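Asks: This is what each chain is made of:
Protein chains: 2
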Amino acid sequence: MSLSLPTRLGHDGWSRVEVDRVTPELDGGRHAVKRIAGERIVVEADLLADGHEVLAGRLLFRRQGAHDFDEVPLVPLVNDRWRAGFVAAAAGRYEYTIEAWIDQYASWRRGLGRKVDADEAKEVDLLVGRRLLEECQDRADGRDREAVAAAANSIGDAELPFPDRVRIALDEQLLEVVARHPDRSRATRYRHVLAVVVDRPLARAGAWYEFFPRSFGSDGQHGTLADAERMLEHAAGLGFDIVYLPPIHPIGTSFRKGPNNTLRAGPDDPGSPWAIGSALGGHKAVHPDLGTLEDFDRFVARAQALRLEVALDIALQCSPDHPYVLEHPEWFSRRPDGTIQYAENPPKRYQDICPFDFECEAWQALWRELLSIFEFWCERGIRTFRVDNPHTKPLAFWEWCIASIKDRWPEAIFLSEAFTRPKMMYNLAKIGFTQSYTYFTWRRFKHELVEYIEELTRTEVAEFFRPNLWPNTPDILPDDLWDAPRSAFATRAILAATLGASYGVYGPAFELLDNVGRPGSGEYQDSEKYQLRRWHLDAKESLAPLLRRLNRLRRRHPALQRNDSVRFHECDNDELLCYSKAGPDGQDLVVVVVNLDYHHRHSGWIHFDVDELGLDPHERFQMHDLLSDRRYEWRSGRNFVEIDPHTMPAHVFSIRRFLRSEQDFDYFA
Amino acid sequence: MSLSLPTRLGHDGWSRVEVDRVTPELDGGRHAVKRIAGERIVVEADLLADGHEVLAGRLLFRRQGAHDFDEVPLVPLVNDRWRAGFVAAAAGRYEYTIEAWIDQYASWRRGLGRKVDADEAKEVDLLVGRRLLEECQDRADGRDREAVAAAANSIGDAELPFPDRVRIALDEQLLEVVARHPDRSRATRYRHVLAVVVDRPLARAGAWYEFFPRSFGSDGQHGTLADAERMLEHAAGLGFDIVYLPPIHPIGTSFRKGPNNTLRAGPDDPGSPWAIGSALGGHKAVHPDLGTLEDFDRFVARAQALRLEVALDIALQCSPDHPYVLEHPEWFSRRPDGTIQYAENPPKRYQDICPFDFECEAWQALWRELLSIFEFWCERGIRTFRVDNPHTKPLAFWEWCIASIKDRWPEAIFLSEAFTRPKMMYNLAKIGFTQSYTYFTWRRFKHELVEYIEELTRTEVAEFFRPNLWPNTPDILPDDLWDAPRSAFATRAILAATLGASYGVYGPAFELLDNVGRPGSGEYQDSEKYQLRRWHLDAKESLAPLLRRLNRLRRRHPALQRNDSVRFHECDNDELLCYSKAGPDGQDLVVVVVNLDYHHRHSGWIHFDVDELGLDPHERFQMHDLLSDRRYEWRSGRNFVEIDPHTMPAHVFSIRRFLRSEQDFDYFA
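Line order of the protein sequences matches chains P and D.
If you're matching positions, the first sequence starts at 1230 in my numbering and goes up one per residue.
If you're matching positions, the second sequence starts at 1230 in my numbering and goes up one per residue.
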């Protein structure tokens, strides 16, 4: 009447060691965590066994697809917790798990030592050790085998004096030799093989610059990719890492939208780049007015020469004129009247857009074709994609598509443009998106920013969701930038560039302080989505100098290239936000104080808790403002700040420590 | 070059709905959570899908072993979270999981409604609805089928006026009918079937009383079970729920311990009941000096008549004289000199105890025999076991053994006597122990008690670990009870009985204030483990009246039968500990204030945050002290208390609310 017994003892059966609470582990192993190549990936686990014996274990890891695991010994911490780590040198998907066992030899040796101390060691105790060493001998080879055999002989040799045999048995080096050849026949393998997606460093930190190449023609003409090369120089000059282009494909004419999203386009209106596809081609073609595929290759090569990466915007949808609609009507759903179902979110209708039916009968062929779009551009050298509205396509599709691309191009980066409900945003990250847009765009006040950034950086979310902070996009002119002064743009730029390891701007509109919204929408007036715009990048009021400075600081300060070390510091004025970041080794401390009020000067007292930052509370600190180049002196505790947003809405301090002797008033960097 | 595609659409393939973060779920489904029969088991999950369609889902549950699941619809909360619940009427192991899908009909209906509001509804919209209804018709039967068919006809009937067809399409009742027959061909089943162990109410709350029957013979003789029946009356009179007996089996003579754990026993020394087994029998026998199996049956029957449950102490170890040692030498490990390995934790040796070798070649036969010990006593009517030192036997054994017993006797309760490292204590609970001893025994000060009780009741630990609070055991006279005054015993009794839904005492020693420890040990002087003791239960100083009162309060107040509602309240005096508990419906509030200083009178101000307790801050409350029968008046905010430990070291208040009108000064209970 009992339940069936465990199958067997040892591998795949029962064993005395339980491996529990492995970290990192996401959703019971369902999703991979994310790390960066070159970082140490630290894994911990609880190891438990009945009784009082000594345990041992190893972290097993391999690149996905490899047959064998590499191994590294687990080191005990406190409270039955163990730890080990490995470094993934290159981007790719890695797997890891834990194996643990009872170390019979170490247990015996520890017991012998205690018995010796209590003068209780007996002949039979040494015989137990000899037996364990003889077993080890069978597992070892080469010199280790010889060493173990010699020790077994000596320990069991009743001719030798007892104390000599004990001394040999307790030898530290012998313990190390035996530990290299453990008896793992009854080891426990953790029940999951877990996964970590390792990305290149640009996935963690980068500054993105978005622009519409078509707006940069000469004399008001539709710009070409060749014309847009000057924008590459512009973005590179400002210190950005990535330029990203809205869709560059032919644009449909059916139901083409006119300026300001009107339903009727004039004959010269260029249409929205997101209404993809016409008789001239679809997602694998370049709009003829922008140039040819060869022009595109030249554009990418020019970017590379400037150390810029080009990101493409991939929107998996079609205009009614897309070749897919004509050649593969089976990929679209049809209404009972036979017409193709256009996009709608009732009562809103988007008749210029036909969504794919990811559940159609021919879904496998459709999915393969959509994957081939990414493959096409990867083969042309593109490694970074901004994906439009991924939350309106199945999660299962993205999981397969992104894994397929990253299997071939592990360095690929996918930025999820999903401004939607929080859990969907998080799930897109869990199933594979490298980075994501965030609610930063609408987080304006201190408590909102603190709460949100802490959720992103101090909770489990940080294991899978990499925020990319955008103060604006072509779709969004947030409320607080409508009719806003220059100080507002400067504030949002500083927040985005220093709170986020990754940040981006819809560049021309942002640096030229475009603050005119279209009433009744959250969009820009005369949005560049529907018409060409002329941007005067050399305008006197341009924010370019500040962006250039911020990007330079970001490159110089490792602290600004990460999110994990961000800490908020108390200030008695709710309009002043203070936070710090440290580099990977706790060095390179950067402290930022931002005046969140775009209009008025504010002052207040920062509570600067240096203990928390690992600094000596008895030191004084020189705070070097990297924006103004001014220097201030702070101490542990309360420090006064005053910020006029119209001069510069923030301090971005680098901390330099004074030597503790009063004579040595000089500082070191 | 792409990874292989998902297998297929729908069941066992991909689907658009993701089910994530199901709660309760322990360790990714590895371990079951615990609940009590009759309680509603609430399950929640995140449901996510691309796009904007309406989702639907159900909670699936069944008793383990049943083929089919019962189902209950999930109800949406906020933020993509859904909830449903079920009640397990009887003890047993239950399984649950989640299924969710896109509700095409509800999505279409919502869209139609919005189009109607915007005056945008078209003929084709109704045709889409008709198609969905026709599909539903194929899934429905009986009246539902007729209703759906009629609606499909009317909605598609171009002869009818358009507004009438719209009205039919938007009908609420039709929505309900269709919802009963959803299209689940593309539903997502959550990736785990999760388990919940449902126990009877005594597993949640009970008062335990331990005593050694052999000490209750007449005239200093070894007591029998028949003699010990008067102790059943005693425990029942004090209001305890469970009496538990140390092992009742024959005791070995080899290496028998004498009084105070001395290595040499005299001829009349009875030995330790934990040195189990002699030529007279083993774990399935009763010590002849206690009586026969028939005497045991009578003892149990007498207990039942008194509404007491008898718990046995099962210690899976043998004296060297146990029949197992002679008949099954293969179950014990041997040292190289051929002798059986006795228990040791070097340099300590326990030569009167032979541990089983759970990993021996014949482990399956051994495990089955050990299981049969529990089966033997279950068949004699025992349902509650206190298991001695389970942490020195493999977790895998317990998991199998407990599941096997509970599969046949779902009402069985296993109390884990593991005073060991925290994670091992927790893991024993995870793999099946119903309840566990705790560190309460050594938690003396306010911050220790608050931290520990909050860990047990306010974290994930509460999902699997049911604390049983013991101020003493035959093995442990804690430091603070050495040479302690009566007030110390009273304080610890009140804390155990009101902080813990389950608590217990090693009764005679506790109620008679035995405060004499054996120097150099944490044990009692003249411990009953090694010798008979005479207890004068009618002694004047006995704590019996307080225990009787506490147990009566525990039975009367549902609040005291649970741990989940415990809340600590601030007090400005660190020697005063204040906490409250509420019954299952938030009613029956009990507030306890304990003076933790056994020696001195203390007073202080309690911060009574009535908001948190769901009370009206404008009310006044009558605090009825159930120990002293005195009444006090409290208000929201600060309230004064003063406690003399020598009178009574605590208040145990029941709150009675005054009516809000000053005229109605009477209270209602």
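Because the hints were derived from the structure by calculation, they are not lab data.
Certain hints may be false.
Because identical chains share one entry, a pair is satisfied inside a single copy or across any pair of copies.
List of simulated lysine-lysine pairs, DSS-like, C-alpha gap at most 27 Å [claimed, not checked]:
| hint | residue 1 | residue 2 |
| --- | --- | --- |
| 1 | K1652 | K1577 |
| 2 | K1344 | K1577 |
| 3 | K1577 | K1351 |
| 4 | K1513 | K1769 |
| 5 | K1344 | K1513 |
| 6 | K1652 | K1675 |
| 7 | K1769 | K1577 |
| 8 | K1351 | K1513 |
| 9 | K1513 | K1577 |
| 10 | K1513 | K1652 |
| 11 | K1652 | K1351 |
| 12 | K1513 | K1675 |
| 13 | K1675 | K1344 |
| 14 | K1351 | K1769 |
| 15 | K1769 | K1675 |
| 16 | K1769 | K1652 |
| 17 | K1769 | K1344 |
| 18 | K1577 | K1675 |
| 19 | K1675 | K1351 |
In this text, all values refer to a predicted model and were calculated from it rather than measured experimentally.
Asks: Against this structure, judge whether each hint is valid.
Replies: Results for each hint:
1. K1652 / K1577: within (24 Å within a copy, 56 Å between copies)
2. K1344 / K1577: between (82 Å within a copy, 9 Å between copies)
3. K1577 / K1351: The answer is between: 14 Å across copies meets 27 Å, while 88 Å in one copy does not.
4. K1513 / K1769: neither (40 Å within a copy, 96 Å between copies)
5. K1344 / K1513: Neither, since 77 Å and 36 Å both go past 27 Å.
6. K1652 / K1675: within (23 Å within a copy, 40 Å between copies)
7. K1769 / K1577: neither (41 Å within a copy, 85 Å between copies)
8. K1351 / K1513: neither (81 Å within a copy, 36 Å between copies)
9. K1513 / K1577: neither (29 Å within a copy, 77 Å between copies)
10. K1513 / K1652: Neither: 32 Å inside a copy, 57 Å across copies.
11. K1652 / K1351: Classified as neither; 64 Å inside a copy, 34 Å across copies.
12. K1513 / K1675: neither (44 Å within a copy, 70 Å between copies)
13. K1675 / K1344: neither (63 Å within a copy, 40 Å between copies)
14. K1351 / K1769: Neither way: K1351 and K1769 sit 91 Å apart in one copy and 54 Å across, limit 27 Å.
15. K1769 / K1675: neither (31 Å within a copy, 66 Å between copies)
16. K1769 / K1652: Neither: 43 Å inside a copy, 65 Å across copies.
17. K1769 / K1344: neither (84 Å within a copy, 49 Å between copies)
18. K1577 / K1675: Close neither inside one copy (35 Å) nor across copies (61 Å); limit 27 Å.
19. K1675 / K1351: Neither, since 70 Å and 48 Å both go past 27 Å.
Comparing the model with each numbered hint stated earlier shows that hints 4, 5, 7, 8, 9, 10, 11, 12, 13, 14, 15, 16, 17, 18 and 19 do not hold.
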